[in-house]
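J.: Single-letter residue listing:
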Amino acid sequence: MSWVGRSIRRVEDPTLLRGVGMFVGDIGGAAAVRFVRSPVASGLIGAVRGPAYTIEDLDADGVGNIEAVLHRPDYVRLAQPLLARERVRYVGEPVAVVVGDTAAEAEDLAEQVELDIEPGPAAVGIDGALAPGAPLVHPDESDSNVMVAGEMATPGLAEALDRAHAVVDLETVSGRQAALPLEARGSHAVTERFGGRTTLHASIQAPHMVRTVICDLLGMPEADLRVVAPDVGGAFGQKLPLAREDAIVVWLSRRLGRPVAWIEDRSENLMASWHSREQRYRLRGGFDAGAHLEALQADVVANVGAWPCYPITWGVEPLMALAELPGPYTPEHYGVRSRGVASHTCPMSPYRGVSRPAITLALERLMDIAAARLGIDPVEIRRRNLQSEFPHTSPTGLRHDEGTYREAMEMAVRHVDLGAFRSRQQTARAAGGSQPGIGICTFSERTGYGTPAFAARAMGVTPGYENVELSMDPSGYVTARIGASPHGQGLETALSQIVADEVGTDPGRVRVVASDTDRTPYGWGSFASRAMVLAGGATYLAAQQLATQLGSVAAEVLEAAADDIFLADGRATVAGTSVGVEIAELARIAHHHTQRLPDGAAPGLSAQAGYDPAGTFSNACHVAEVEVDPDTGGVSVRRFVVVEDAGRLINPMIADGQIRGGVAQGIANALLEEVVYDEDGNILTTSLMDYLPPTVAEIPDIEIMHLETLSDATVTGAKGLGEGGTIGAPAAVLNAVNDALAHLGVELNEMPATPERVREAVRTATGTPAG
Amino acid sequence: MKPARFAYAAPDSIEGVLDALDRFGDEAKVLSGGQSLVPMMNFRLARPEVIVDIGRVGGLDGMSVVNGSLTVGARVIHARLEAPAAAMPDGRTEPLGGVLGSLLPEVARFVGHLPIRARGTFGGSIAHADPAAEWCILARTLDAEMVALRRGGERVITAADFFETVFTTSLEPEELLAAVRLPILGDDWRAGFCEFSRRAGDFAVVAAMTAVRLDRATGAISEARIGVGGVAGVPVRLPDAEATLVGEVPGAELHAAAAEVAAGEVDPAGDLHGSAAYRRDLVRAMVARALAQGAGAPG
Ligand SMILES: Cc1cc2nc3c(=O)[nH]c(=O)nc-3n(C[C@H](O)[C@H](O)[C@H](O)COP(=O)(O)OP(=O)(O)OC[C@H]3O[C@@H](n4cnc5c(N)ncnc54)[C@H](O)[C@@H]3O)c2cc1C
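Taken in order, these protein sequences are the chains called A and B. Numbered per the working numbering, the first sequence finishes at 771, counting up by one with no gaps. Numbered per the working numbering, the second sequence finishes at 1299, counting up by one with no gaps.
It is possible that part of the hints are untrue.
[Unchecked claim] Keeping only pairs whose Cα atoms sit at most 25 angstroms apart, straight-line, the calculated SDA-like set for lysine to any residue is:
1) K1002(B) x L1031(B)
2) K1002(B) x E222(A)
3) K1002(B) x E114(A)
4) K1002(B) x I1116(B)
5) K1002(B) x R519(A)
6) K1002(B) x E1049(B)
7) K1002(B) x P51(A)
8) K1002(B) x L541(A)
9) K1002(B) x D101(A)
10) K1002(B) x D1215(B)
11) K1002(B) x V1156(B)
12) K1002(B) x D140(A)
13) K1002(B) x A158(A)
14) K1002(B) x L109(A)
15) K1002(B) x D1053(B)
16) K1002(B) x V113(A)
17) K1002(B) x D1161(B)
18) K1002(B) x A103(A)
19) K1002(B) x P693(A)
20) K1002(B) x P39(A)
21) K1002(B) x T686(A)
22) K1002(B) x R226(A)
23) K1002(B) x A420(A)
[What the hints assert, rightly or not] Distance ranges between label pairs, derived from CB positions:
24) L17(A) x E1154(B): 26 to 36 angstroms
25) A1217(B) x A420(A): 42 to 52 angstroms
26) R1056(B) x G28(A): 26 to 36 angstroms
27) S1222(B) x L17(A): 55 to 65 angstroms
28) P1089(B) x S636(A): 22 to 32 angstroms
29) R1005(B) x P39(A): 18 to 28 angstroms
30) G433(A) x V1249(B): 39 to 49 angstroms
Quick caveat, the hints were computed from the structure, so don't treat them as lab data. Ideal Cβ positions, reconstructed from N, Cα and C, are used throughout, including at glycine.
Construct the complete structure from the given sequences, taking the supplied hints into account.
T.: Here's what the structure looks like:
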């Protein structure tokens, strides 16, 4: 029986559940670093007085600037200093840094630092940043706030829209969100007194990349910096880009010759970590008489904040929207302009799902509105539009491998029993009071981006491949050293299942070593639903090599042909016989009796493989049932159903966990979480009293079903699924809210659908004056 | 997120507490459950120089029924009001019955989350004076009396005089809130409580409490109280809306009419969690529902 496909328990959990994990904040023994941050959105820095280091100290040490680059003509290139130089560009931008013996003392010191800042005008929201004469965020480098602008159109788009049977125009808005990992960011650096080598422990997703960029900035060889991500309490993309703070912590430890640590607090995290997803979509959909979406035109704007993130850049949101907007649908004609606009607000990093929650909101609202306009059911319009021939090539040239877009939707709809729901809904409408609604969302999730996908974005640094090194030690245990950097996803468990199957052992005899640049091969880390595809693929390939090596040792020992050896249950056996040998014994021989190895065989048992596929598409259908109180605008989610097809499931329980967490974040996106700035650029949501992640009370049980269409684009047949939950849930919930209030004529296309927005929409639709 | 430096005192008697408050005056803050004070200190929004912890003082966590009112000791934790029991005039401790006995648990479950209810205290909530706090709304609606002690003296402050503005009461720095007296509502009273919050356990955006007294003969309302929180710096009573109820027989139409008056009577300021107009909408909905609840009819 194979280990792949089984819901074995996660090896990661005992440590975490018993509270004996090791997070950056647990390391201790270091002086406390605190950043002095800008209290205003925009301004010119005068004097900085007090016991602090500033950009002048970094300059004096020759510390470089961060350059996050896209090689595109429309991209504005900037050099970002590690601390603000001359200007501040958002509330929370680090201007100076202090070091105290304790965190409380560092906070006292930070209070003593006086910043003379001459406040200037701020560009805040999308409209504010795009307005003619808007205050410029980078006046020396650009005469507008548009930092990246992609555009494309297939020939014949305008004609296709002209001859459409029905044209639907729509504007959707996605509020600004923060990824809100349970553990905020943090870093801890120690520099050895002799030799001067530095070890950085940081709460990050991509240790190798962070090592490279910090060494570039500080002008030091990479061999002199070890970067370790210990236990990481959630990241979701917020810990993917370089944190300026982490680079400064390394610099301080080297300069002071003293261990230093920065533990970000929740307010800093909400104000000055990274935000995401403040986007506006204007869509025009041209449908033929059969309700097929023939032509899709879009104007997308993403507010990308004050600085790009390294190495992803601030092109990630707008350019992903540009490339992936057609989603699971098949418009022949597609045209798009997608801009990233800078503002005097916190910078953006890709947050789980990146642009796809907003893309999906736009598309799925379009489908529901078109269905209502054309007098057909939301299920029917999707039936007529979803991809069903594979591979499908999108108008932007993306190859979709085989999926089950329609099958997933039919399965979900059957499961919720739409007919019974509609009759309940009729009863509720007649009775008044709270109104039930149902919303469907179908989407594709592009996963396992390899080098080709990132290269297409012309990134200055092109991530992609993953490397894995496997070795079997003399006791017969396998160690997998991986370049990916799991932080709670359960990758260690899943990889051990893959290894166990190939090598014929059990997962308990596999150890995964990750997130330490001294102990792992170069790799890109964990993000973008890639680890299972990339690290899983590389592990699979390396494990096959290891199995071949074991097979040839066994063949020698058992005096059989290597092709006749099979590995299972900890033994190598000659096919068709009971003749065999323990794998552990083979491991001994391979290390301790190399005279018994076949001629020319290298001593030991080890293999290395890299993997770098083009990418693959998962698909899913989410259905949300909500109840809306028209008097208060309150929405509660009563039921949530997911049918997901992520190809081969290595560990279904882990897959379900990924979906559940993602859906919770998606529901938060739809109803609760929003980073809010006032018009001067002051951030209003700097604590969890004002920024509202859901509690367990706001999230219903999530019913999950799977389809398993093996990918032909990956060696394991697996597709990624780490982001799907966040991608589908917002649109499903918004469609459900609209469905609940459809009889009142409500149309609400902005998320989060806060109670106040819902109430406002009810008032507008019913002509009830305010108050 | 670390507090500024402070000194800490934990006297083990009321006298010790009152001495400390007398000595340090407005440099001191009483620490009860710490569920509001500690976060404010961590944000450095509160910077007391001396913390006077009352957790070691006996005698502040009793509940008793005396002279037609329920006395709730300042250190009674929220959780105890989910199933209130009090010492009766005859000395026995019994579950609290009647209208108040069913109202208190109904309200208590809205106060924060379980861990907060297990630490936070009734008196702490009253002294903290958040305008949306359930216990403050209850105290204002029922005209509770606050018993304040200072070295060598005691005074009783009515709710109307106690709450001054956001997080501000008429307690003097030298005074300790020792207990709160709530009137026991007779069985001719009907009470209801309804609130709207963004998430389970959050402070209410708007909350309303209603209590009406019914004339046994006619079934008409002889006395009415409506208190709402989340619309001003303190919980407020709505006399115009109350007046629309008096002399009338409860029913959906009357409730709607009173709720309409209530919505017009408040003058909220808008903030992140709700504009003025939205809060008025919520007042309308919450008052109507609290009244319906009190009438025993479904909201
Ligand atoms: C996440 C969260 C959610 C919450 N949700 C709610 C909610 O929905 N509704 C709600 O009402 N509350 C809520 N609270 C607040 C909670 O109820 C607090 O317990 C309460 O506000 C204060 O009580 P305490 O005993 O914790 O007081 P403390 O925090 O110790 O003190 C609060 C203030 O009162 C003063 N004080 C305390 N006791 C006395 C006394 N005897 N005499 C004089 N002064 C005194 C203190 O000096 C301080 O200024 C929430 C708190 C948290 C952390």
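J.: Each hint: holds or not?
T.: Hint by hint, here is what the structure shows:
{"no.": "1", "hint": "K1002(B) x L1031(B)", "in the structure": "holds, 17 angstroms"}
{"no.": "2", "hint": "K1002(B) x E222(A)", "in the structure": "violated, 35 angstroms"}
{"no.": "3", "hint": "K1002(B) x E114(A)", "in the structure": "holds, 20 angstroms"}
{"no.": "4", "hint": "K1002(B) x I1116(B)", "in the structure": "holds, 20 angstroms"}
{"no.": "5", "hint": "K1002(B) x R519(A)", "in the structure": "violated, 36 angstroms"}
{"no.": "6", "hint": "K1002(B) x E1049(B)", "in the structure": "holds, 14 angstroms"}
{"no.": "7", "hint": "K1002(B) x P51(A)", "in the structure": "holds, 19 angstroms"}
{"no.": "8", "hint": "K1002(B) x L541(A)", "in the structure": "violated, 50 angstroms"}
{"no.": "9", "hint": "K1002(B) x D101(A)", "in the structure": "holds, 13 angstroms"}
{"no.": "10", "hint": "K1002(B) x D1215(B)", "in the structure": "violated, 56 angstroms"}
{"no.": "11", "hint": "K1002(B) x V1156(B)", "in the structure": "violated, 36 angstroms"}
{"no.": "12", "hint": "K1002(B) x D140(A)", "in the structure": "violated, 39 angstroms"}
{"no.": "13", "hint": "K1002(B) x A158(A)", "in the structure": "violated, 60 angstroms"}
{"no.": "14", "hint": "K1002(B) x L109(A)", "in the structure": "holds, 12 angstroms"}
{"no.": "15", "hint": "K1002(B) x D1053(B)", "in the structure": "holds, 19 angstroms"}
{"no.": "16", "hint": "K1002(B) x V113(A)", "in the structure": "holds, 17 angstroms"}
{"no.": "17", "hint": "K1002(B) x D1161(B)", "in the structure": "violated, 35 angstroms"}
{"no.": "18", "hint": "K1002(B) x A103(A)", "in the structure": "holds, 7 angstroms"}
{"no.": "19", "hint": "K1002(B) x P693(A)", "in the structure": "holds, 23 angstroms"}
{"no.": "20", "hint": "K1002(B) x P39(A)", "in the structure": "holds, 19 angstroms"}
{"no.": "21", "hint": "K1002(B) x T686(A)", "in the structure": "holds, 16 angstroms"}
{"no.": "22", "hint": "K1002(B) x R226(A)", "in the structure": "violated, 30 angstroms"}
{"no.": "23", "hint": "K1002(B) x A420(A)", "in the structure": "violated, 54 angstroms"}
{"no.": "24", "hint": "L17(A) x E1154(B): 26 to 36 angstroms", "in the structure": "violated, 51 angstroms"}
{"no.": "25", "hint": "A1217(B) x A420(A): 42 to 52 angstroms", "in the structure": "holds, 49 angstroms"}
{"no.": "26", "hint": "R1056(B) x G28(A): 26 to 36 angstroms", "in the structure": "holds, 31 angstroms"}
{"no.": "27", "hint": "S1222(B) x L17(A): 55 to 65 angstroms", "in the structure": "holds, 58 angstroms"}
{"no.": "28", "hint": "P1089(B) x S636(A): 22 to 32 angstroms", "in the structure": "violated, 44 angstroms"}
{"no.": "29", "hint": "R1005(B) x P39(A): 18 to 28 angstroms", "in the structure": "holds, 23 angstroms"}
{"no.": "30", "hint": "G433(A) x V1249(B): 39 to 49 angstroms", "in the structure": "violated, 23 angstroms"}
Going through the hint list in order, the structure does not satisfy hints 2, 5, 8, 10, 11, 12, 13, 17, 22, 23, 24, 28, 30.
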